[in-house]
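Chain by chain, the residues:
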Amino acid sequence: MPTENQYSLQDLADLADVSPRTIRYYVAQGLLPSPGQVGPGAHYTDGHLARLRLIRRLQREHLPLAEIRTQLSKLDDETIAALVDAEAPAPPDSSALDYVRSVLGGPGVAGRPAIRGESLVPPASRALAMPLAHAQVSRLAEPEPTTTAEASPPYVVGRIELPAEPPPPTSTTPEPAAQRSQWDRIALTSDIELNIRRPLSRQQNKRVERLIAIARELLEEDPS
Amino acid sequence: MTFTARSDRHYIRSIYRSNRFVLAEIDAPPARRERARPPVHLAFVIDRSGSMAGDKIRLAKLAVEESLARLHDDDRFAIVVYDEVIDVVFPSTRATPDARRSALARLGEIDARGSTNLGEGWLRGCEQVALELSAEGVNRTLLLTDGLANVGITDRDELARHAAGLRARGVSTTTFGVGEDFDEVLLQAMADAGGGHFYYIANAAAIRDYVTSEVGETLEIVARGVTLQVTGPDGIEVESLSPYPTQAFGGRTVVTLGDLVAEQRLQVVLRLNFPYGEIGRETGALFSLSDRDDVLDGAPVKLGWEYADDRTNDLQARDRDVDRAVARIFAARARQEAIGRNRSGDYQGAKEALSSVARRIRDYAGRDAQLREIVAELDLESDQMAAPMAELSRKQAFFASANMARMRTYDGKATKGPQTGSR
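Protein chains in written order, with this note's numbering: chain U, 6 to 229; chain R, 4 to 426.
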């Protein structure tokens with residue numbers, strides 16, 4: 006690993022998604038070690054970041070601060086780092102030569118199932134999930150690195166074709182019937198469309214514009 | 004070396020989940036002095052099935068000859084040829100002048116015949132490399148084929164999984180597809196999973212260029228096993244749009260970029276999806292690089308975003324360089340999809356894949372000339388894709404778009420910085 010990172014109070018707050026005030030509070034409460042120096046010159050380390058994230062995670066599981074403090078006091082920095090964000094996978098325990106030979110040996114060869122079932126879960130977190138059952142090391146790796154056989158995910162293919170002429174409005178029409186109305190079809194993505202019967206009031210128009218902006222934001226793949 | 008990261012936009016929406024894009028750019032350090040480079044270990048695996056007869060096999064042999072001439076005495080190499088039978092023509096040996104001479108003499112006796120056990124031929128090559136891994140240098144199998152795997156292991160996913168398994172154990176894989184009868188999806192998947200490169204060689208005359216250029220790249224590698232790590236609050240989801248394997252470990256996302264050659268400029272596009280947040284609150288993520296031998300020394304980059312109301316979001320400035328990189332990636336992905344649809348006879352779907360991405364880019368292109376050019380190209384291609392295409396053109400288009408997504412040159416070479424191709 007490259008050299009240890011150093012963070013200002015604000016950086017640490019951003020990266021752990023807490024306010025600077027919360028960090029000061031945790032330090033005062035003994036949940037976080039003191040940065041050594043006080044004031045603007047204070048800097049924090051990866052150890053602080055890992056500890057802070059673990060605290061947040063345990064808090065989300067509704068553990069009282071006193072309990073968190075007790076749990077944390079039993080753990081060293083390395084253990085905490087392993088719990089919070091395990092590093093890249095540990096090197097596999099078989100060599101490249103063993104691997105090739107077990108594959109070439111074909112199905113039924115003793116070595117082969119071991120490779121298929123092999124896990125990239127770092128051993129540290131496997132062991133550590135036990136003493137601290139609350140800390141979920143979420144989204145751990147797949148057993149084997151997944152491959153990107155095709156760069157793009159398959160797009161949704163099923164698509165409901167709208168009738169060329171949208172259905173006429175049903176009976177409940179608050180609008181004055183005298184007005185000629187017209188359906189607008191707005192493509193939100195290539196697969197999702199919004200149908201709007203116009204004209205709308207100014208107020209409604211504004212809301213629809215917001216709706217479209219929100220929908221595009223929700224559905225967007227490209228920047229909008 | 005330099006390492007930078009920037010986002011397309013600074014503000015994020017407060018009550019919707021915003022996507023923001025990050026462009027990370029790495030300029031690899033210059034080459035070490037030639038004598039000082041660590042020894043490499045290469046296996047050349049060559050398809051000798053019947054279809055390779057004539058120019059292809061002759062030129063493949065020449066390519067091996069020229070590649071061997073670039074190795075030093077401390078390097079190692081092996082040569083494997085395969086049809087349905089695998090023949091280790093020259094087992095792994097130090098590249099002394101004597102060894103090179105006798106290897107070429109034996110290679111000279113090989114002619115083309117039989118069918119294609121691509122899987123085992125490739126694995127036998129990997130076995131030779133695995134016999135003695137170079138601790139500091141590159142260990143790589145170069146597979147050259149013009150056909151489909153039709154004997155032995157033929158399943159794409161299985162072969163790609165083995166390529167990943169071998170990469171994790173230090174042996175990478177590069178693939179070369181010649182002509183129009185091979186499976187580029189397989190060869191691309193093996194190279195991606197295997198941490199090497201895929202090259203499409205339309206014309207046998209270019210075999211030598213591509214093989215020697217790839218060998219040249221392996222000799223120029225200055226950083227092995229490079230990963231980009233993103234650390235941020237738990238709610239931010241990170242995804243790499245550039246086609247690199249990505250894994251999440253708790254609050255850290257690791258994107259495996261592979262090896263970097265001297266002065267290579269690599270661009271990686273990430274999509275970050277943010278949770279809701281109160282207006283005015285700031286959030287951030289840390290981007291850092293690491294590599295197996297700790298040779299990259301770029302400082303981590305911290306990017307900050309701020310939750311803001313919709314008006315501020317709508318009016319905010321955009322970083323056009325990031326927009327362009329994002330547009331290129333989406334265009335490349337759409338092309339790959341369109342080619343697949345064109346091949347399966349879904350011409351309308353192929354056209355739509357391109358034109359829908361063109362529409363979306365047009366929405367934010369504004370007056371930006373480069374973005375508009377990307378849109379114009381997509382529109383043009385969407386018409387071509389709407390009709391049956393020659394297999395050769397499809398392969399060419401697949402290769403060009405795969406290279407675009409990986410920020411390599413149109414013919415698959417590493418892009419060298421600074422500023423190559425981005426302005």
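Read the hints as simulated data drawn from the structure, not as lab findings. Just so you know, even glycine gets a beta-carbon here, dropped at the ideal spot from N, CA and C. Treat the hints with care, as some may be off.
Claimed, not checked - Think about it this way: if two alpha-carbon atoms lie no more than 16 Å apart in a straight line, the pair counts; the simulated EDC-like pairs of lysine to aspartate or glutamate are:
1. R:K354 - R:D317
2. R:K64 - R:E28
3. U:K211 - R:D317
4. R:K419 - R:E28
5. R:K305 - R:E28
6. R:K64 - R:D212
7. U:K211 - R:E285
8. R:K416 - R:E266
9. R:K305 - U:D16
10. R:K416 - R:D212
11. R:K305 - U:D51
12. R:K305 - R:E285
13. R:K64 - R:D114
14. R:K354 - U:D51
15. R:K354 - R:D382
Claimed, not checked - Footprint (simulated), chain R over chain U, 3 or more residues, beta carbon under 8 Å:
16. 20–32
17. 35–42
18. 98–105
19. 197–211
Against the structure, the hints come out as follows:
no., hint, verdict
1, R:K354 - R:D317, "violated, 31 Å"
2, R:K64 - R:E28, "violated, 38 Å"
3, U:K211 - R:D317, "holds, 15 Å"
4, R:K419 - R:E28, "holds, 12 Å"
5, R:K305 - R:E28, "holds, 14 Å"
6, R:K64 - R:D212, "holds, 12 Å"
7, U:K211 - R:E285, "violated, 29 Å"
8, R:K416 - R:E266, "holds, 13 Å"
9, R:K305 - U:D16, "holds, 8 Å"
10, R:K416 - R:D212, "holds, 11 Å"
11, R:K305 - U:D51, "holds, 14 Å"
12, R:K305 - R:E285, "holds, 12 Å"
13, R:K64 - R:D114, "holds, 10 Å"
14, R:K354 - U:D51, "violated, 49 Å"
15, R:K354 - R:D382, "holds, 9 Å"
16, 20–32, "holds (count 3)"
17, 35–42, "violated (count 0)"
18, 98–105, "holds (count 6)"
19, 197–211, "violated (count 0)"
Checked against the numbered hints above, the structure violates hints 1, 2, 7, 14, 17 and 19; every other hint is satisfied.
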